[in-house]
Structure formats: structure tokens, C-alpha cells
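**Q** Sequence:
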Amino acid sequence: FYNRNIHIEQTRSSIRTKRAKTERSTTTTIADDPDLLGWNLEADTNYRVEGWIEVDSNAAADFKSLFSFTNAVQTRAIVINWLNNPSVLQSVQTTANEALTSWPGTQTLYGQIGGMFKTNATTGGTVDFQWSPINSDAYLTTIEEGSWIKISKLHDEN
Numbered sequence: 001f002y003n004r005n006i007h008i009e010q011t012r013s014s015i016r017t018k019r020a021k022t023e024r025s026t027t028t029t030i031a032d033d034p035d036l037l038g039w040n041l042e043a044d045t046n047y048r049v050e051g052w053i054e055v056d057s058n059a060a061a062d063f064k065s066l067f068s069f070t071n072a073v074q075t076r077a078i079v080i081n082w083l084n085n086p087s088v089l090q091s092v093q094t095t096a097n098e099a100l101t102s103w104p105g106t107q108t109l110y111g112q113i114g115g116m117f118k119t120n121a122t123t124g125g126t127v128d129f130q131w132s133p134i135n136s137d138a139y140l141t142t143i144e145e146g147s148w149i150k151i152s153k154l155h156d157e158n
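Under the numbering used here, the first residue of the sequence shown carries the number 1, and numbering increases by one thereafter.
Hints listed in this document are in silico derivations from the structure and should not be mistaken for laboratory results.
In this text, a Cβ means the ideal position worked out from N, Cα and C, and glycines have one as well.
Each hint can be trusted.
Computed list of lysine to aspartate or glutamate pairs in EDC-like fashion (alpha-carbon distance at most 16 angstroms, straight line): (1) K150 x D128; (2) K153 x E42; (3) K150 x D33; (4) K21 x E145; (5) K18 x E144.
Derived Cβ-Cβ restraints for the label pairs, each shown as a range: (6) A31 x W52: 19 to 27 angstroms; (7) Y139 x N71: 29 to 37 angstroms; (8) Y139 x A43: 37 to 45 angstroms.
Build out the structure end to end from the sequences listed, making use of the hints.
**A** So this is what it looks like as C-alpha cells:
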């Protein structure tokens, strides 16, 4: 998966930014975020993921997330490093399963997103960021305005 001859092709980056906060409370069904979706992908291509996410929730609701691909990817390793709570360090997605995050108390967490993936060998497709509370709760789970995700195509210098 790692190749030192790969670099970011800056002109092929695409960023999505939340223009307004999105709140969810009673649903635990993971769904597309209305602002963080619709990246078009080329087949058999490496991409880098980076971003910043601000999530407000409580201990009863918690948070789950997923980078959802229209076609199975060859490899993926995407991590959200939660920066302001020492009891919650990372949410990791290395398979098609959701990355689950639980934390004590009601609070806002700040997450730095990073990782890479390689698309389907024959069909590119799209990728969307999906999320929901883990548990139904009257307290809203919110992704705040200003959160963003950038996906950049990588290419081989050779």
C-alpha cells in the first residue's frame, strides 16, 4: 500500500465543507452527511483522506462513522484521531464496517481525519461520509458547521 514514489496531485483534490450543522437523535441508522458526500473516484487509484470534524454528543448516544464506497475498494485505512479527550483516542476504519466511538459525558470532540484507500480495480465509483449516533437518545448528536474532508488523488511519479 505504501510507495515512496507516490505523491499528491494537488490539482486533483476535492474538499467538502459543512455549511451548516447536522443534528441526529433518534435514528441509529447510518446515513450520508448532507454536505460531506459525492466524491467521484477513478478505478485502481490511490487516494489520500484528510479532514477536521467537530462532533457534539453525549455518553448515551455516542457516534459511529463510515466512509461508504459504491464499489468495494482494494485497501483502506482511515483514522479519526480525537484530540481533546484522553479517554477517546481513535476511530479506525480498515474494512467496510463502521468505526465506533464512545466517550464519557456530554461534550464536543474534535477529530483529525487521515488515511488512504485504493479504489476498485475495474470501477471507480463514489465515496460518501456517513454517520449516526450509536444509540437512540433525546440528546442530539451533531456534526458542526465548518467540519471538512478533503480527498486527493495520488499518482506514481514513474
